[in-house]
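Peer 1: Spelled out from the first residue to the last, the chains are:
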Amino acid sequence: MSVASLPLDAHGEVDQLYIETRELRLQGFLLFLISDCVLFSSFIFAYLYLRNSGQGWPPPGIHRLDVPFAAWNSVVLFGSGATMHYALENFKHGHFMRYIWFLLATIVLGAGFLGGQGYEYTHLIYGEHVTWAGSGIFGASFFTLTGMHGFHVFVGVCYLSTLVLQSAAGVYTRGKFFGITAGTLYWHFVDVIWVVLFSIFYLI
Amino acid sequence: MTAEAVHPGGIADHIHPEPQGFVRRYVFSLDHKIIGIQYLITAFVFFMLAGLLAEAIRTQLLNPAGGFVASDTYNEIYSVHGSTMVWLVIIPMLTGGFGNLIFPVQIGARDVAFPWLNMLSFWIFPVAGLMLFSSFLMGAPTAGWMEYPPVSLQGAPGTSMWCAAIFLVGVSSTITGINFVVTILKMRAPGMTFTRMPLFCWGQFATAPLLMIATTALAAALAALFIERQFGVPFYDPTKGGSPVMWQHMFWFYSHPAVYIMILPAFGIISEVLPTFARKPIFGYKLIAFSSMAIALLGFMVWAHHMFTSGLAPFLQLPFMILTYVIGVPTGIKIFSWTATLFGGKIHYTTAMLFAIGFIGLFTIGGITGIFLAAIPFDLHVHGTYFIVGHLHYVLVGGSLMGIFAGMYYWFPKMSGRLLNEKLGHWHFWLFFIGFNATFLPMHWLGMLGMPREVATYDPQFTFWNRFESVASYLMTFSILIFFVNILWSIRNGKRSGPNPWGARTLEWQIPSPPNYYNFKHVPTVYGLPYDFAQPLPYQGLEDELTDSPPPVAAGTH
Numbered sequence: 019m020s021v022a023s024l025p026l027d028a029h030g031e032v033d034q035l036y037i038e039t040r041e042l043r044l045q046g047f048l049l050f051l052i053s054d055c056v057l058f059s060s061f062i063f064a065y066l067y068l069r070n071s072g073q074g075w076p077p078p079g080i081h082r083l084d085v086p087f088a089a090w091n092s093v094v095l096f097g098s099g100a101t102m103h104y105a106l107e108n109f110k111h112g113h114f115m116r117y118i119w120f121l122l123a124t125i126v127l128g129a130g131f132l133g134g135q136g137y138e139y140t141h142l143i144y145g146e147h148v149t150w151a152g153s154g155i156f157g158a159s160f161f162t163l164t165g166m167h168g169f170h171v172f173v174g175v176c177y178l179s180t181l182v183l184q185s186a187a188g189v190y191t192r193g194k195f196f197g198i199t200a201g202t203l204y205w206h207f208v209d210v211i212w213v214v215l216f217s218i219f220y221l222i
Numbered sequence: 003m004t005a006e007a008v009h010p011g012g013i014a015d016h017i018h019p020e021p022q023g024f025v026r027r028y029v030f031s032l033d034h035k036i037i038g039i040q041y042l043i044t045a046f047v048f049f050m051l052a053g054l055l056a057e058a059i060r061t062q063l064l065n066p067a068g069g070f071v072a073s074d075t076y077n078e079i080y081s082v083h084g085s086t087m088v089w090l091v092i093i094p095m096l097t098g099g100f101g102n103l104i105f106p107v108q109i110g111a112r113d114v115a116f117p118w119l120n121m122l123s124f125w126i127f128p129v130a131g132l133m134l135f136s137s138f139l140m141g142a143p144t145a146g147w148m149e150y151p152p153v154s155l156q157g158a159p160g161t162s163m164w165c166a167a168i169f170l171v172g173v174s175s176t177i178t179g180i181n182f183v184v185t186i187l188k189m190r191a192p193g194m195t196f197t198r199m200p201l202f203c204w205g206q207f208a209t210a211p212l213l214m215i216a217t218t219a220l221a222a223a224l225a226a227l228f229i230e231r232q233f234g235v236p237f238y239d240p241t242k243g244g245s246p247v248m249w250q251h252m253f254w255f256y257s258h259p260a261v262y263i264m265i266l267p268a269f270g271i272i273s274e275v276l277p278t279f280a281r282k283p284i285f286g287y288k289l290i291a292f293s294s295m296a297i298a299l300l301g302f303m304v305w306a307h308h309m310f311t312s313g314l315a316p317f318l319q320l321p322f323m324i325l326t327y328v329i330g331v332p333t334g335i336k337i338f339s340w341t342a343t344l345f346g347g348k349i350h351y352t353t354a355m356l357f358a359i360g361f362i363g364l365f366t367i368g369g370i371t372g373i374f375l376a377a378i379p380f381d382l383h384v385h386g387t388y389f390i391v392g393h394l395h396y397v398l399v400g401g402s403l404m405g406i407f408a409g410m411y412y413w414f415p416k417m418s419g420r421l422l423n424e425k426l427g428h429w430h431f432w433l434f435f436i437g438f439n440a441t442f443l444p445m446h447w448l449g450m451l452g453m454p455r456e457v458a459t460y461d462p463q464f465t466f467w468n469r470f471e472s473v474a475s476y477l478m479t480f481s482i483l484i485f486f487v488n489i490l491w492s493i494r495n496g497k498r499s500g501p502n503p504w505g506a507r508t509l510e511w512q513i514p515s516p517p518n519y520y521n522f523k524h525v526p527t528v529y530g531l532p533y534d535f536a537q538p539l540p541y542q543g544l545e546d547e548l549t550d551s552p553p554p555v556a557a558g559t560h
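Chains as they are written, first to last, in my numbering: chain A, 19 to 222; chain B, 3 to 560.
These are calculated hints, taken from the structure and not from any lab test. All the pointers check out, no bait thrown in.
Chain B stretches covered by chain A per the calculated footprint, using a threshold of three residues with CB under 8 Å from any CB of chain A:
#1 184-197
#2 231-240
A few chain A residues that don't get close to chain B, going by computed Cβ distances all over 10 Å:
#3 89
#4 103
#5 118
#6 119
#7 164
#8 199
#9 217
#10 219
Dumping the calculated DSBU-like pairs for lysine-lysine here, alpha-carbon to alpha-carbon at most 35 Å:
#11 523/B / 194/A
#12 188/B / 194/A
#13 110/A / 188/B
A quick note: this is a predicted structure, and the numbers were derived from the prediction, not measured. Using N, Cα and C, we set each Cβ at its ideal position, and we do this for glycine too.
Modelling step: build the complete structure from the supplied sequences, incorporating the hints.
Peer 2: Dropping the structure here:
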């Protein structure tokens, strides 16, 4: 990191403690994401294992999932990844209002994805009578994995909403914005997990 | 922080004000040393409880027909004994306990990277332990520490409590793992390069990634078991399309690395104790360090060797057998290096050293029976017998627990400022060593003859050796009582140790015992490996540590 880009504290001096603790927190957060990724991987392993141990997929009596709807829903989530990226970039370049708008757009898109997932769940449960506990390994793996992902999106939406409030209160400055970086990393992580889940549940 | 220099105003300069009051200082402490001691005390309490369960098992096996407890109770007892020893005793002692206590000082840091998370991680652990033991109130798990479905699906309600408890311990381990990785990567003192790090730190550095990766894999398996038991969502029940073998895959994908979580830090302890008391540089420093990393990596590739009888396709069994043999190579390198360290050394037979030497012998036996078990035909013969019980206790008791005892005798002066009594220590070692071998060695031939594990009764032809084992196990328990008496006595009346009673050379011995909350007055600079006994100490900046000079100034009030 060049000296010119070092953040300044209130007295205009280089804040060494902040630089070093931010490095620690960044690394710790990345490691947390890795272990979270292992959690997803284990459930994905379980799903693929069960899927390949039965007689064909989807199991007899269950329709294929609605791919076009989920695809549009995915576009909403990936769009939120893009807006999150621009939110962080705008913050870094000092465009505070644009940052807030992009952040709000991310929250709306994330909530939209959750709404879409809720619609899909309702359709499956009440329309096709596919349930978590009552539809064998299909219901078990589908609702557990997508539910876990949905919970991650929900946590992300809550976190980003907190970011909006904190930013409005002036918690983050040009030099100190690790909370926003962490939120962005988390949001991209949740996006990437969805790429995998979409592929293995809807495409193959 | 770079390794070259301390930046003024950075973490190395950042000292929190001294904690005030009993609660801040000893209960909700942020100090890694206090948290380490909290871990050790809590884990030793669980160790006593699980030890009593072990004696209940041995008492039941005094007679072929049992009769001490009912068969169901027996199943509960050995299940909780195993779970407790693995998750509430050995793992927390070696990682949260000795890890917290020693390695931040050894790398020249003032604390771990995230002290608050460290405190959180500790406080999850006793809660989870109480949850596990509370399962006795509602019918404890009965399927052993592995809790294989479908038996665990039909187990008493306490099995769900077991899932939740182990899940929570896992969360605690994951947090500790993340904390330790970041601490070692980022908080080393200037000059403390990776190849100058003491081997105990290498042990922790190899273990911490296992803690944060393997444990989350187990969390998924436990969550699925919990969901299936509570909500009837099928994952493992074969009648609903689930697969019990899948649990075995997920469980062993965690639990084989967990075996290394339980032994790599003990390797680290041994690698500190041996050179100190042989007064010789450790032989093959880099080999010991890198073989730990190799073991940690290979540990993820061998899980299915626990499942040779579970119907795995033969073409899948072979690679697991071969990879398991491969793990024998780095382990053998370690044993060789330790033996070579002893060779020609000026050996001081302190209690810590006795336990370290005992470790080498007993762990080698456990390791070699492990190589037996990796061979598929042999494994098919002894799977599910007492041979396995003998093998795993040689590794976990003869290995990990002996390492823990070595560490206790070695570092107790650093924790308390007083030495443990050496005479009681020798009694502890010899009674434990004899009792341990007499308890677990006969299990090997009982297993070869076909005595099944985890059964409350047995064929009368095995009576003699079972009684022999039970009596020997009482001797072992008695020796552990001596150890507890020693600790309780020495903490008040032990000889004062001074900063460095052993003449050891790692950083923790260069500061007062017990260390101050800020560890170092000035963060030292490191110039070399700590093991070269012929040379002056490779540190600079420690001149004030043992003088009356004022403590460093605390930064801020937060």
